[in-house]
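So the protein sequences, as listed, match chains S and V.
Residue numbers for the first sequence, in numbering that gives the first Met the number 0: 0 to 267.
Residue numbers for the second sequence, in numbering that gives the first Met the number 0: 0 to 374.
Calculated from the structure, these hints are not laboratory results.
Predicted model only: the values in this text are computed from it and were never measured.
Possibly wrong hints are sitting among the right ones.
Straight-line alpha carbon distances no greater than 27 Å define the calculated DSS-like cross-link-like pairs of lysine-lysine that follow [said to hold, decoys possible]:
#, chain 1, residue 1, chain 2, residue 2
1, V, LYS255, V, LYS180
2, V, LYS208, S, LYS12
3, V, LYS290, V, LYS161
4, S, LYS141, S, LYS210
5, V, LYS321, V, LYS269
6, V, LYS290, V, LYS321
7, S, LYS11, V, LYS203
8, S, LYS11, V, LYS208
9, V, LYS161, V, LYS269
10, V, LYS269, V, LYS208
11, V, LYS290, V, LYS314
12, S, LYS210, S, LYS242
13, S, LYS87, S, LYS266
14, V, LYS203, S, LYS12
15, S, LYS87, V, LYS203
Here is what each chain is made of, one letter per residue.
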Amino acid sequence: MEQLTQDYLRTKKLPHIWCPGCGNGIVTAALVRAIERTGYDQSEVVIVSGIGCSSRAAGYLNFNTLHTTHGRALAFATGLKMARPELKLFVIMGDGDCSAIGGNHFIHAARRNIDLNAVIINNHIYGMTGGQHSPLTPTGMKATTAPGGTLERAFDLLELARGAGATFGARGNAAQPRQLEQLILRAANHKGFSVLEALSPCPIAYGRRNKLGGAVEMLREMKDSAVSMEKASGMEPEELEGKTLSGVIFSTEAPEFSEEYYRSIGKA
Amino acid sequence: MAETKPVLMQGNEACAEGAISAGVRFYAGYPITPSTEIAEHMAARLPDLGGVFIQMEDEIASMAAVIGASIGGMRTLTATSGPGFSLKQENLGYAIMAEIPCVVVNVQRMGPSTGVPTAPAQGDVMQARWGTHGDHPIIVFSPASVYETFYLTIAAVNLSQKLRQPVIMLLDEVIGHMREKVMIPEAGKLLVEKSSDNIPADWKPYDEKGLTPLVPFGFGHYYHVTGLFHDQYGFPTGDPTQVERALDRIHGKLEKYRDEIVLTNYIGHKEPRVVIITYGCTVRSARAVVKKAYWQNRLPVGLLSLQTIWPFPGKEVAAIAKQADVIIVPEMNMGQIVGEVERYACGNAEVVPLNRYDGEMMSPDQISELLGRWL
Ligand code: SF4
């Protein structure tokens, strides 16, 4: 793979704080490559993030970057987008950040269909605080706060987004960074609220406790269980058991909120 | 401001209009009694001015959206009341730490909790000071009339911009819902103090040298904004020296501009024996008492009204305490600002609290009855 554009990285802020084997770096690199391919001017790109391991990515990216409070990234981003609709916003969140404490903002950003690109790095766990279960931890998996395995059922984040009104939903994973980059690019080019779920290994706070092996094993498993939408359409439900759909899961069109607002006041 | 015209206005409306006069063009809020009229007024007015009104999904999101819009370069306002003010605290702290200007209105209602939503009370004085966690600076205005609400909101917006510091308008329900005459400037004569347009080449978002304007996102200055302690470029740091310096920085700007921030007003006898110190709607009852006692009966009585309650006008209170024998502090709570008054009176005057907390307005009779003991 070719080198990342140094212009978009704050190289002086590196090395990053992530553990060895963490998938956050892979997803961040895919994001940078995708942004490069959009052709956006550097000055019009804004990275907004919440709180957690993945949200630290904002600090390493050389754009205007906004590292907000836990769960609130989309609400900050909504204000900024409404104030400056010409800006291109990428909102990086973790699974707990986005779907637990930030769940309300997530569904309402989807409902408004505001043109934000949500990039959710889903490692199925709260990593920064040491491994508590999140709404995206699969049932039965262990966490410090679910030592016997969580009894709770996980959200299907993309179905949640679709139900709430999002117009684009895609899933990729850290084991297939090329596809991930492609999906982020498509999300960026989509007008309206787009949700990109990036599955990512957290060998330290999730893998170890659940005996999933190290980063390599986790990535391999991620790759093996991913089934593209095209392939899945020809598969029986039994065959899809334990598999994860990847690619663009849904893409529709609907009026975009900031554009509708400015049109309604005669400014678009 | 040569051309002004008198308008009959509600306090909440005056707050909204004051903000508009000061250039506010972004409002995010969530409905709550007794502040809803501010949102409704903004919803009606801002679209015509090319501004943005957005009703968010909750109070937390409203505060976040306002900060986001400020970073985009707009002047912003949000309004709420008791329970909503509690919800806004975390992001308010973020705005203080990240030095993002914004004005937050809390039209106080009777608490704790859901309390009596329509009853007046001044129970949020300490929450306005210490509601968000950590050692933080804050500016809080407490207007005593619709007129003051209009002009203090303008001051709040301008100060917030200049200092890159959130400002709280702590209104009383009585003020928010009262109708009074306000002289407002002709349309077009905006009371906007322009923040700097010339950005120096070596601009740093948190310049150690002192106040520095906020360059909005989208203009090629690639800085970082975070609620973590940060260096002068905005990047996280845990270095003890930098942490201490950052905290000194956000407190220091309020100290430096203290005289622009702290507004008080004294009326009454030149050599008073008894002085009433109060703020917000309670000033109205106190003023009625002082009018009678001093202007009619020439008794040695005075009133120090505090338009700014935080930072606390300690210097002004200390000076009064050296003159007066007794200081009466009427408040519509169980005693909040009185502790500060005592602290600055330093035993030079006897400080007497007068509290009402039944959800009714403090009456002039209550104050004059107490006053009578020393006259
Ligand atoms: S705890 Fe997990 S998610 Fe966080 S940096 Fe380490 S590996 Fe990555």
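These are the hints, each one checked on the structure:
1. LYS255(V) x LYS180(V): violated, 35 Å
2. LYS208(V) x LYS12(S): Holds: LYS208(V) and LYS12(S) sit about 23 Å apart, inside 27 Å.
3. LYS290(V) x LYS161(V): Not satisfied, since the Cα-Cα distance of roughly 37 Å exceeds 27 Å.
4. LYS141(S) x LYS210(S): holds, 10 Å
5. LYS321(V) x LYS269(V): Between LYS321(V) and LYS269(V) the Cα gap is close to 13 Å, so the pair holds against 27 Å.
6. LYS290(V) x LYS321(V): Measuring from Cα to Cα gives roughly 23 Å; hence the hint holds.
7. LYS11(S) x LYS203(V): Holds: LYS11(S) and LYS203(V) sit about 17 Å apart, inside 27 Å.
8. LYS11(S) x LYS208(V): holds, 23 Å
9. LYS161(V) x LYS269(V): violated, 35 Å
10. LYS269(V) x LYS208(V): violated, 42 Å
11. LYS290(V) x LYS314(V): holds, 25 Å
12. LYS210(S) x LYS242(S): Given that 27 Å is the threshold and the Cα spacing comes to 19 Å, the pair holds.
13. LYS87(S) x LYS266(S): holds, 19 Å
14. LYS203(V) x LYS12(S): holds, 17 Å
15. LYS87(S) x LYS203(V): Since the Cα atoms of LYS87(S) and LYS203(V) sit roughly 23 Å apart, the hinted pair holds (cutoff 27 Å).
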